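Enquirer: Residues per chain are reported as follows:
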Amino acid sequence: MTEDSQRNFRSVYYEKVGFRGVEEKKSLEILLKDDRLDIEKLCTFSQRFPLPSMYRALVWKVLLGILPPHHESHAQVMMYRKEQYCDVLHALKVVRFVSDATPQVEVYLHMYQLESGKLPRSPSFPLEPEDEVFLAIAKAVEEMVEDSVDCYWIIRCFVNQLNNKYRESLPQLPKAFEQYLNLEDSRLLSHLKTCSALSRLPYDLWFKRCFAGCLPESSLQRVWDKVVSGSCKILVFVAVEILLTFKIKVMALNSAEKITKFLENIPQDSSDAIVSKAIDLWHKHCGTPVHSA
Amino acid sequence: MAQQANLGELLSMLDSPVLSVRDEVTAVFKENLSSDRGPMLVNTLVDYYLETKSQPVLHILTTLQEPHDKHLLDKMNDCMGRAASRLPALSLLGHVIRLQPPWKHKLSQAPLLPSLLKCLKVDTDVIVLTTGVLVLITMLPMIPQSGKQHLHDFFDIFGRLSSWCLKKPGHVTEIYLVHLHASVYALFHRLYGMYPCNFVSFLRSHYSMKENLDTFEEVVRPMMEHVRIHPELVTGSKDHELDPRRWKRLETHDVVIECAKISLDPAEASYEDGDSVSPQVSARFPHRAADVAASPYVDMQNSCGSATSTPYSSSRLTLFSTPGQPPQTLSPPSTRLLTEPPQATLWSPSMVCGMTTPPTSPGNVPPDLSHPYSKWFQSWGLPVWFFDWSCLCFSLEELPGSKGSVPLSDLPGFLGDLASEEDSIEKAKEEAAISKELSEITTAGTEPLVPRGGFDSPFYRDSLPGCPRKNHSAASGAQGASVNPEPLNSSLDKLGPDTPKQAFTPIDPPCGGANQSPAGSRERQTALETDILTPSPCKIPPQRGVGFGSGQPPPYDHLFEVALPKTAHHFVSKKTKELLKKAKGNAEEDCPPSTSPAEVLDRLIQQGADAHSKELNKLSLPSKSVDWTHFGGSPPSDEIRTLRNQLLLLHNQLLYERFKRQQHALRNRRLLRRVIRAAALEEHNAAMKDQLKLQEKDIQIWKVSMQKEQARYSQLQEQRDTMVTQLHSQIRQLQHDREEFYNQSQELQTKLEDCRNMIAELRLELKKANSKVCHTELLLSQVSQKLSNSESVQQQMEFLNRQLLVLGEVNELYLEQLQSKHSDTTKEVEMMKAACRKELEKNRSHVLQQNQRLDTSQKRILELESHLAKKDHLLLEQKKYLEDVKVQARGQLQAAESRYEAQKRITQVFELEILDLYGRLEKDGLLKKLEEEKAEAAEAAEERLASCKDGCSDSVTGHNEEASGHNGETKPPRPGGGARGGGASRGGGGGSELSTPEKPPTQRAGLFSSRWETTVGESATSIPTTVGSFPSSKSFLGMKARELFRNKSESQCDEDSVTISSLSETLKTELGKDPGAEAKTPLHLDGPQPSPPSPDSVGQLHIMDYDETHQEHSEG
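Protein sequences, first through last, are from chains S and Y.
Per the working numbering, the very first residue in the first sequence carries number 116; after that it's consecutive.
Per the working numbering, the very first residue in the second sequence carries number 590; after that it's consecutive.
Simulated from the structure, these hints should not be mistaken for laboratory data.
Computed from a predicted structure; not experimentally measured.
Check the hints yourself; a few may be wrong.
[What the hints assert, rightly or not] Taking lysine-lysine and the DSS-like style, the derived pairs with C-alpha atoms no more than 25 Å apart in a straight line are:
no., chain 1, residue 1, chain 2, residue 2
1, Y, Lys-619, Y, Lys-710
2, Y, Lys-737, S, Lys-156
3, S, Lys-362, S, Lys-399
4, Y, Lys-1459, S, Lys-197
5, Y, Lys-737, Y, Lys-619
6, S, Lys-208, Y, Lys-737
7, Y, Lys-850, Y, Lys-710
8, S, Lys-392, S, Lys-348
9, S, Lys-290, S, Lys-197
10, S, Lys-233, S, Lys-254
11, S, Lys-208, S, Lys-197
12, Y, Lys-1475, S, Lys-156
13, S, Lys-148, Y, Lys-1468
14, Y, Lys-1459, Y, Lys-1475
15, S, Lys-156, Y, Lys-1468
16, S, Lys-197, Y, Lys-737
17, S, Lys-364, S, Lys-308
18, S, Lys-148, Y, Lys-1431
19, S, Lys-290, S, Lys-392
20, Y, Lys-619, Y, Lys-693
21, Y, Lys-695, Y, Lys-756
22, Y, Lys-707, Y, Lys-693
23, S, Lys-233, Y, Lys-1493
24, S, Lys-362, S, Lys-376
25, S, Lys-376, S, Lys-348
26, S, Lys-348, S, Lys-280
27, Y, Lys-1448, Y, Lys-1459
28, Y, Lys-659, Y, Lys-710
29, Y, Lys-1475, S, Lys-148
30, S, Lys-290, S, Lys-233
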């Protein structure tokens, strides 16, 4: 009841009329006010609505487990995290893996490698494909989050989530992509098939890197809201939507290389619309997640 | 050609003396002009005119219609270009524009205007210049908007000509200059009147130059004294003056009058709207006012003028205007006129300003005098002179004594007669007439209205045409007519309203006396006259110190003379002569500027005329030409030319004045129209008022009759009301009666009803009674039966009662018996009962107690249950809280753990690094020492044996140290790592601390890595510690360290294996090189093992083997 009374009584109508996101910030604030943060609810919220950018970092950190659900321990835990970050960074500096001139993203990569025990013998070792993925994601996160400690932790946990939680589902995504593309636009799919481009689409870029480097960060973070909150299926819809949006151009291209090349470098100006449509599409096909509470 | 010849013929025919022929030819020309649009005909006409100056041609040319104007202007422009035809062209132009053709507005665009201006700028012929200037002046009001383009030309011309007036280029005769000066003066007036701001700024700029200063002082400045400040100088601006909008609503004559308004020169000035001669001039130069008034008369006299008042002034005024001439006889009326105009002009300021006291002599004139005037004038609202003419008419009409009524048409003549009459009689008569008339006016305020409407305007119209009729030169006559009335009217004004109140009536008798003996009544007159005539001109000059100077004897003196006509003229003539002399003598500096060029011209003409008339009188010959020849030879050609030119100039002047007169006439006509309209409106007003009155009367009558009707109506109403009330009361009575009757009948009816009801009831009762009777009879029979029955029952009852009594007695008896027998048993029963009761109570209380207990226990149970619930709840909360805390702690723990993990990783990295570094170090050192090793191999083996014992004890301590170091997290791997990477060195290190640094066997042992190390280590540790304590006794930390190793080996086994294999490779090669040494080493290795014998070495060895294998396994 208290929650309801705090909310604007018009909020129901806003959504009916089509204004989304009017009351979201307020409800998110209410959610964040709970002492023990309800991660379930936060997940649902983040899946349902775009996160306000001022709370995005906090919500991500909570959802990714960087911060515990208790407000009390936030400071302490954050201190631990920071110290850990500093220690690792220090260690890397001591063993001369990184220097001040090393790009921040590589620093993050080495830190991650160190923490996961995969640190190569020398910084000049060639990068593994998973390191490339890490770098792409790190670059994207670096744009979104200012604080380097937060940044590192978010990258680390995000990558961990990809590697652990979505280990099973990520390889399934191309199939799902094909299926939904078929539902949305079978002609386009057949075109891709005839060009034999379907198997050569930039799946790595889309699903392993979660579009990092493909979409501008402002749009990307809306996609990642969903990914962080536990739904990697959104990636499929973003991919479908990209294809639908650039359908005319894709249809005009005949060779698989060209299509791949084009898709790897799509124009960024319509990315917001793409993401919005993708989220709609996702809601349409997978249904709007409801508060479990 | 034939046509031209024909034209020539026609032209010659134009001048034919036969009137009909001339008319015909004129008609033919006009027809031609209307049909032909070419310039040819016009050109021929112009040429012809220039040749012959033929009047009919001039007439045709001046009436040219629209399409030909251009040709005419072009032609005239051509002629203007040629010096010979310039003058006639100019005069033709003058003729044309004076008639104001409908195309006059085109003049401003025509090339003629610039050429005229050019001509005026460059020509040196005075006659042409004068004519041109006059034409220009005439033209200016017609094309005021052209000022914009040509303004500076105008000003230049003015500048040039004004300087001409002064510089007098040699060949020009003075007489011409007078004409020129007069025309420049007119130009000055026109320019100043039309474009004051521009003109003043031109004057400022032009005469600020030194070379022009003289001209300004001599020529322009006197001109400026004859103009007042133009209001436009205050309100207008240069641009505004040139604005065509300003000129659009002004007609030509409006412009002319505008210009005249700002003039102070009485000859030029125009005074409409109640403006009189400007007070300054009249006050400053009173004699001049008279003088000015005189000037036109002089003209008229010359031309035998007979304007209405000429007789009065002409004789007198010549005296003033022509001082050089012998004074003529003064006629008394003229003196009267002379004295009076100044008065009028003196009064003007108060009339204009509406002031109550005249500014000049406040003490002498009663303040109420001025009041009537202003009011009077305001109420009349007519041009001043207009009224005056009417007054004059009055006076003239009231002169029946001598002449009877004079027809208006004969007025001028009559006036002339009057002038020549005996002055005393005339004076008396006129005075009487005036006084009479004035008393009439004052007594009947509205009367003047009637005569004004009656013969004012006719008279006025008559008088104007009357002048030129007798006049040969109409222009001057017209001017005279317009100027002349002014003094006259003002005099009559003055006398009109004020005399009856103040001075005139009391004068009357003395005046009469004065008629007989004018000289005798001088003293009496003095007193009176001072009253009337204090604001006379003669008084003001001394006050102002101008004109007559301060040397004047008591200011009133000569006035008295003036007031007494008989002696006056001698005195006045004497006085004026004196004054004029004085003025001439002393005021050369102030008077000259006051004479306007026009006056000068006038005087000149007059002088000429006088001279001429003298000559003529002398000769008494009929014609001039004859006269000349008779006089002695032909007249000098030069003289003739001069005279002709002069005549021409005069003619031009005349034409110009005539043009002005026309403009004034136009103006007058318009004003008259306004007057008539006003009069008509007034009459209309009066008529309306009358109608209003009549209607009001009607309304009154209607009101009275309405009141009567209302009264009658109210009476009738009352009657009707009374009737109605009567009838009403009757009706009411009747109704009342009717109601009574109705009630009675109602009552009766009810009674009837009652009776009927009663009868019905009675019948019913009868029926009932009958039935009752029958019923009772039946009952009776029944009762009799029952009676018999009851009797029998009574008998039985009596019997039974008796039985009862008996039985009761028996019962009592028995009861007595019973009571006596059962008295003791009751006690027992009672006891029993009591016991029973007690028991019952006891039980009851017990039950109660039990119940209470039950309640309490139940409550307790409830309490406890609630407690329990609370506790449960609390427990739950606690659990939740615990869970919370757990989660929180877990969160923190996780963070800490991850941190710990990170630390672990970091240490691993560090270890790796260290190992790496060690590896490198060893690699370097090994190569060196391997060489040394060969030489010292044997020695080293020996030493090794010796040092082994020492090393054992050392290693124990070292190991202990290590064990204690294990507490630190980072320490345990180090010895392990050291054991692995550089175990030999550590093992050797243990020894080397005590013994020598060179230990080849240890180095070699290092090649076999941990095997040797562990053997040594275990052998050392085995003594104080339990078997296998190294791996197992390390407790948790040890386990961890182990794990770490394992992890590391797992994760980095590849790299390790690489380095190790490389190491072993090198060693192998070395071993291969040095088999001798190789062979020795096993000995050494095996040697020391048995050499330090210990009690449980075998078991230890086994264990050590186990450990070794284990460790090796782990390493592998």
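Enquirer: State for each hint whether it applies.
Expert: Do the hints match the structure? See the list:
no.	hint	in the structure
1	Y:Lys-619 / Y:Lys-710	violated (36 Å)
2	Y:Lys-737 / S:Lys-156	violated (93 Å)
3	S:Lys-362 / S:Lys-399	holds (20 Å)
4	Y:Lys-1459 / S:Lys-197	violated (43 Å)
5	Y:Lys-737 / Y:Lys-619	violated (36 Å)
6	S:Lys-208 / Y:Lys-737	violated (96 Å)
7	Y:Lys-850 / Y:Lys-710	violated (28 Å)
8	S:Lys-392 / S:Lys-348	holds (14 Å)
9	S:Lys-290 / S:Lys-197	violated (40 Å)
10	S:Lys-233 / S:Lys-254	holds (20 Å)
11	S:Lys-208 / S:Lys-197	holds (16 Å)
12	Y:Lys-1475 / S:Lys-156	holds (21 Å)
13	S:Lys-148 / Y:Lys-1468	holds (22 Å)
14	Y:Lys-1459 / Y:Lys-1475	holds (23 Å)
15	S:Lys-156 / Y:Lys-1468	holds (22 Å)
16	S:Lys-197 / Y:Lys-737	violated (94 Å)
17	S:Lys-364 / S:Lys-308	holds (16 Å)
18	S:Lys-148 / Y:Lys-1431	violated (68 Å)
19	S:Lys-290 / S:Lys-392	holds (21 Å)
20	Y:Lys-619 / Y:Lys-693	holds (20 Å)
21	Y:Lys-695 / Y:Lys-756	violated (36 Å)
22	Y:Lys-707 / Y:Lys-693	holds (20 Å)
23	S:Lys-233 / Y:Lys-1493	holds (13 Å)
24	S:Lys-362 / S:Lys-376	holds (14 Å)
25	S:Lys-376 / S:Lys-348	holds (24 Å)
26	S:Lys-348 / S:Lys-280	holds (13 Å)
27	Y:Lys-1448 / Y:Lys-1459	holds (16 Å)
28	Y:Lys-659 / Y:Lys-710	holds (24 Å)
29	Y:Lys-1475 / S:Lys-148	holds (20 Å)
30	S:Lys-290 / S:Lys-233	violated (31 Å)
Hint compliance for this structure: hints 1, 2, 4, 5, 6, 7, 9, 16, 18, 21 and 30 are broken, all remaining hints hold.
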